[in-house]
Structures are given as C-alpha cells and as structure tokens.
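Q: The chain contents come next:
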Amino acid sequence: MMDFIDMTLVNWSRLQFAMTAIIHWLFIPITIGTTYIIAIAQTIHVKTGDPHWEKVAKFWAKLFGINFAIGVGTGIILGLEFGTNWSNYSWISGDIFGAPLAAEGIMAFFLESTFIAVMFFGWGKVGKKFHLLSTYLVAFGASLSALWILVANAWMNLPLGMEFNPDTARHEMVDFWSVLLSPFAINKFLHTIGSCFIISAFFVIAVSGWYLLKKRNILLAKRSIVIASVFGLLSSLFVVLTGDGSAYNVAQHQPAKLAAMEGLYDGSEGAGLVAFGILNPGKKVGDDIDDFIIKIEIPKLLSLLGYRSLDAFVPGANDLVYGNDMHSIMSASEKMEKGKVALDALAAYKEAYAQGDATQMEESLAVFKENYYYMGYGHLHNPESILPNIPFIFYSFHIMVMLGFAFVAIAALFLYLAVKNRLEKQKWLLWVGIWSFPLAMIASMAGWIVAEVGRQPWTIQGLLPTMVSTSNINSSAVILTFWMFLILLLTLVAAEARIMYLAIRKGPDNKVDEKKEGGSHA
Amino acid sequence: MKAFFLGIAQIAVTAVNTFRYSKLAKALLLIVLIKILIFYGFLKGFLYPRYLKPKWESDEHRSNEVMKDLLNKPKTYIYDGFH
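Chains as they are written, first to last, in the working numbering: chain A, 11 to 532; chain B, 45 to 127.
Since the hints were made in silico from the structure, they are not lab data. Keep in mind the model is a prediction, meaning the values are calculated, not measured. Every residue, glycine too, gets a C-beta built ideally from N, C-alpha and C. Mixed in with the good hints there might be a few duds.
[Stated by the list, open to error] In the DSS-like style, the derived pairs of lysine-lysine whose C-alpha atoms are separated by at most 25 Å in a straight line are:
1) A:LYS437 to A:LYS224
2) A:LYS68 to A:LYS305
3) B:LYS67 to A:LYS68
4) B:LYS67 to A:LYS516
5) A:LYS224 to A:LYS293
6) B:LYS112 to A:LYS360
[What the hints assert, rightly or not] Derived, one-sided and incomplete: chain A residues facing chain B with beta-carbon distance under 8 Å:
7) THR94
8) VAL128
9) LYS360
10) ALA364
11) GLN365
12) VAL478
13) ALA513
14) ARG515
[Said to hold, decoys possible] Chain B residues, not near chain A, derived (Cβ > 10 Å throughout):
15) LYS46
16) ARG64
17) TYR65
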C-alpha cells in the first residue's frame, strides 16, 4: 500500500483513460447511428422494390462495415485499464459496474454480432423481410450495447440501488431496477444515442455532399441526404429535448457541475442562462473579481431549466464551497467534516471487528451509516476541490450547445433544399455539410468532457474521489502503456481514415446505370 | 425450415467468397485478426496478467488493501491540481 497519493499516477491514469475513451468513441457513433440509416434505405427498398434503394443501403453498409471492423474491440483496452489502473474503483464498484457490462456482453453484443453476418452477406440469400429484420436487429443490438455502458456510467453520476459493505469495502447492488431506470441513466442513454444519430447523419451528409461537389453518384447522394437530413433533424431536435432533461438532472444531483457549465460563481434566484460568454481568466472561487469579461444572458432560463421554476435559486460555486444558510446549502467544509466522521467510524468498525467487540462494531456502523453519503468528502483536503475546472467545463458545454443548435438549422436547410432539388447549386452548403461531420464529433466529445471532467473530483459522485480510485502501481507502468495504446489506437484511426477514404472515393458498386440517374429527382 | 438453413449456408458461402476475392474484406479481416492477437493474445493473455495487473492473494487480501487506501489516503493528500 502506498503511504501517499502519487498524483503523477492519478493524472496519467486519467489521461490514459481519456485518450483511449476518446479514440474508442471515434468509432462508436457511426456504428450505432448508420445502421438505422441503412435500415431506413432498406425499408424503402423492400416497400417500393426500387433497386436503387438497395444500392444506397449496400453502400452505407460497406462504410459501416469498415468502421465496425476497425473499431470493434477497442473498448477492450478500457476494460484492461479498469482492472489495472483503477483497481480500487473496480473493487469498490465491481458489483454494480460489472452487472451492466456483463449484460452488454451477453445480450447486446451477441445480438449485434449474430445478425451482422446476415446483414452483410444475406443480400439475395435470405428473404428480403428477414434480411431487413436482421439489419434492424443489428441497429437495435448496437443501441442496446450502448445502453448498458451508459447505465454503468450514469450510476457513477447518481449512485443508487446499492449499499456499502464495510466488511468487504464494496458497494453491493440491492436494487437492479433503480440502477437501470435511474433518471440519469434513462436521460443519458437517450441523449447519447441521439448524439450518435446526429454524427451518423452528418457522416452520410458529408460523404454525399462530397459526391455532389464532385458530380458523382448523384442519385445515391441525393437520396442519402434526404434520409440523413430527416434523421439528423429529428435527432437534433431530440437531443435538444434530452439536453433539457440532462440539465435538470445535473441541477438536482450535481450542482457543482451545473455551476461550472454556466460559469456561475454567485447563486441567485431567477438565474439567467449564459447564451454566450467569455469568462474572466483570473477569476477564482471566493474572490470579488467579475465572473465574465462579456456575456449574453437569457434571464431566468437557468432557474427554469434546472428547477422548473422561473424564480428558483440556483447555487453558484461560492454557495457550494462556502455554504448558504438562507438556502440551506451545506458548506464543503461541513461535508468534509461529516466525511471524516464517516471514515473514522469505518476505521473504528474495522478495529472493533478485529478485536471482536460487537458493541463497538454496532456503534461505529451506526455513525458510519449516518454519514455515509459524505464519505467521499472525507478524502478532500480543500473545500475548493469539490469543484471541477470551471473554464474547461464552461467552454466545453457552450461549444456543445451552440453546435447542437447549429445542427438543427443545418439539417433543416439540407432537407429543404434536397426536397426542392436545389442542393447541387449550393456549393457553400455542401461544404458546410462536409465540415458538419467533424463538428458533430467535436460536439459529442465536448459533451463527454462536460459529463466526465464535470464530475470531478469524483469517480462516484460524492462517495469516491478519483484520487482514491487508482491502483497502487508504479506510474511508469501507466506512462508506458499510455504510449503503447496511443500508438496502437492511432494506427487503427489511420487505417480507418485510409480505408474509409478509398472506399468513399471508389463509391458504390455501379450495377445500376448511373446515366439514368443524372437528372432524377431524389 | 429447410429454406432457412439453406439461406444460412449460402450466407456462409458468400462470406467465404467475399473474404477470398475482395481486397477490402481481406484487409479488414487482417486488421481484425491482428487486433485479436494484440488485444487478447499479447495484452490480455500475457502483458497484463504477468506484469501490470495488481496481484492479490485472495479477495479478502484485496478488500483489506482497498480498505487501507480508503482509510489512509486522505491524511496525506494535498490538492493543488487541475480537475
């Protein structure tokens, strides 16, 4: 056991996890979202009998296949990291965290991988309806995979349905349904899946836009854009809706994250939502410097979104650190005291257990249970450390939100011009479509930064700080594997980019006469 | 039922033919095989269990070590970092 916390180990472990998760996430949204676009094209083909829709479905299935083959398995590295770099966390949470991950493997992955063979190789070999069903099952399986991972992740933000066992130092699941159906889990799943749909829609729009600029595969591009823009528009609106749900959940359960998202230092009743702002770089919690250099605020909207009331009080960073008696907000120092009481009671319980003192065990356990929900605070040294990095979260959140609203407008514009058959003339918009794909990826990454970095200093909200979650291993092992994984994963990304580019450049198999397509309306 | 199994057999034949004749399919298969070799063979089967994974004699030993960390780490930590 270490006698001190090696922050090099903690920081490198975090950096390694962030790096592998980010690269893993580059593959996921296309896998999840594109299957639905393929399924829609295939459904139209089955309904209408038009062979060109089959060509559309096959082409996107090919690109999906490239992404799937290269991306599959990159999540294994994250699993290795849990066991090696985050073994304390894995032990403490394994009973809860392990169940959704096992469910993912058993239920979702097998569903996805069984029917993917039929989806790829079943054209003309099985009935059209069975083939279509297989495509939908692949899509459903991919989403189901995401569900279990996101349930596990949501539990870290809102730990429910468990009890801490002081004999084993583990959180043990007592209510599976509370974990599965927690408001955080449901909303996180819908919001994240929606973001995957947006990314996939803009992936299709970007490739199709490129074809239109090159004047190639015109009919395929137009038809793909029609599907993708409808899919993208509906998904963007859905993500705005679920984003509201996320804001509400964060306000209820992670007020420090909300304060960081909005750069809110001093809480107020009827708090406004910052639509745009530049934070004062010198601003620190507890000082008198202005929060913002410039900001555009929508009055009362933050209170409405966070607490469903125009005049509700929204606590700021100062309220959370120093407390606010008027609004019954406990200071971080008080929580830290309670946390230390919990940890001391736990230590006393273990000592009494070793000595066989049943009375002392009972007393200590009662004190521990009373202060259990502050246990994590007992590990903190400074009250200010309950806050995440405010500027980082603020800008990440605002980048995500601004891009999210832009996607609604872009998808709507694409749909309008596609229906009017005027897309080819709007070269600027086609370029916007091409750039929207990386921007959608950036928006999604920004969302993950808000979710994960915004939860800091916790791995399990309020109960377990990140610095106590790491393993007792030498940091040089983590540094070494960081570079090893970076090289490995970047090689895969480069392979994906190269193979994907070649497949896009080659285009679909042109069994359908392109000459007939030229002037056709989508 | 017979048609179903015939369809499955045809899918298998198509899959084999695709991997035999398509350059793209061959490249993807190669990538998948290399990944399996690295992820499962090298990382999961060799490097991690032998050299990197923390070792415990039993669950009780591991639980005691985690408990020690839970109870001792707070006393020495000084916050001064980027969250």
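Q: Enumerate the violated hints, using their earlier numbering and listing them in ascending order.
A: Numbers 2, 5, 10, 11, 14 - these are the hints that the structure violates, sorted from lowest upward.
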